[in-house]
Amino acid sequence: MPTSHRIRVVDAFTDRPFAGNPAGVLLLDAFPDDTWLQHVAREVNHAETAFAHRLPEGGEADWALRWFTPATEVDLCGHATLATAHVLHTTGAATGSVRFTTRGGILTATAHDDGTLTLDFPTAPLTATEVPPGVAEALGAEPLAVYDTGRHMGDLLVELADEKTVRSLTPDHKALVRHSERGIIATAGAEDPSRGYDFVSRGFFPRVGIDEDPVTGSAHTALAPFWSERLGRTRLTGLQASARTGLVRTELRGDRTLLTGRAVTVIEGDLLA
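Residue numbers (my numbering): 151 to 423.
Treat the hints as calculated values from the structure; they're not laboratory data.
Glycine residues also receive a C-beta, built at the ideal position from the N, C-alpha and C atoms.
The reader is advised that the hints may include incorrect statements.
If you anchor each label on the Cβ, the simulated ranges turn out as follows [unchecked claim]:
hint, residue 1, residue 2, range
1, Arg-317, Val-416, 21 to 29 Å
2, Leu-294, Asp-179, 43 to 51 Å
3, Leu-422, Asp-225, 27 to 35 Å
The whole structure should be built from the sequences, with the hints applied where relevant.
In structure tokens, the structure reads:
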């Protein structure tokens, strides 16, 4: 008889099913070997699957957390962290704030009475750089500016002319692989901020097996400082304009960025492996 593990699929950065970014979540007693974790992530086949187990009391963190795409383990993931915190709070496994130890450092998730969750992540350092040869052709749009997001992210943040340009991108994903360690974040200011968001983005990560990520929480640790400087406010809302869409509320606090959103469990069952 195979071992049974409870598995859930959670849509993160949305308040309704079938939107936002889906993540697999498994709460374990300990981490099995990496091969099993990667097999499960490939079977779930969402942008990320999160694996977590409780740690002994009295340490610097409450839970250990790892994230796998269908192709590889990653250093930082926002939406699967939000999804994990949602599962912990909706199942009664945690209350209030939860501290995770991860490859990206100690991360905190706090549940609020209104049902939202806030992640405390490191702010990505932005360094202006020349437009790499071939990026415009791979994206299908001419960048206004390009920024490196640092080693933990490994992305290029690319500013484009306007919201319409971001929404209409049809990039060459194979060509994009050559231009960053992880992916490309394309962004522009909102055409009409009265619609409830200040900027738009899309995230392309073919290098780690994700052509387009529906909603990328970690990308907003770079988008928050970029747009906060441009717009003169520390609290903003970003719309990731993928087919599923999702909203991420950001608050810049120096070297930390708060990411707030909602999540919905859409599937729960047993993994018989």
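For Leu-294 and Asp-179, compare the CB-CB distance with the range 43 to 51 Å and indicate the outcome.
holds (50 Å)
Could you check the hint for me, namely that Leu-422 and Asp-225 are 27 to 35 Å apart, CB to CB?
At roughly 30 Å between Cβ atoms, Asp-225 and Leu-422 fall inside 27 to 35 Å, so the hint holds.
Take a look at whether the Cβ-Cβ distance between Arg-317 and Val-416 falls inside 21 to 29 Å.
Since Arg-317 and Val-416 have Cβ atoms about 25 Å apart, the given range 21 to 29 Å holds.
Of the hints listed earlier, there is not a single one the structure fails to meet.
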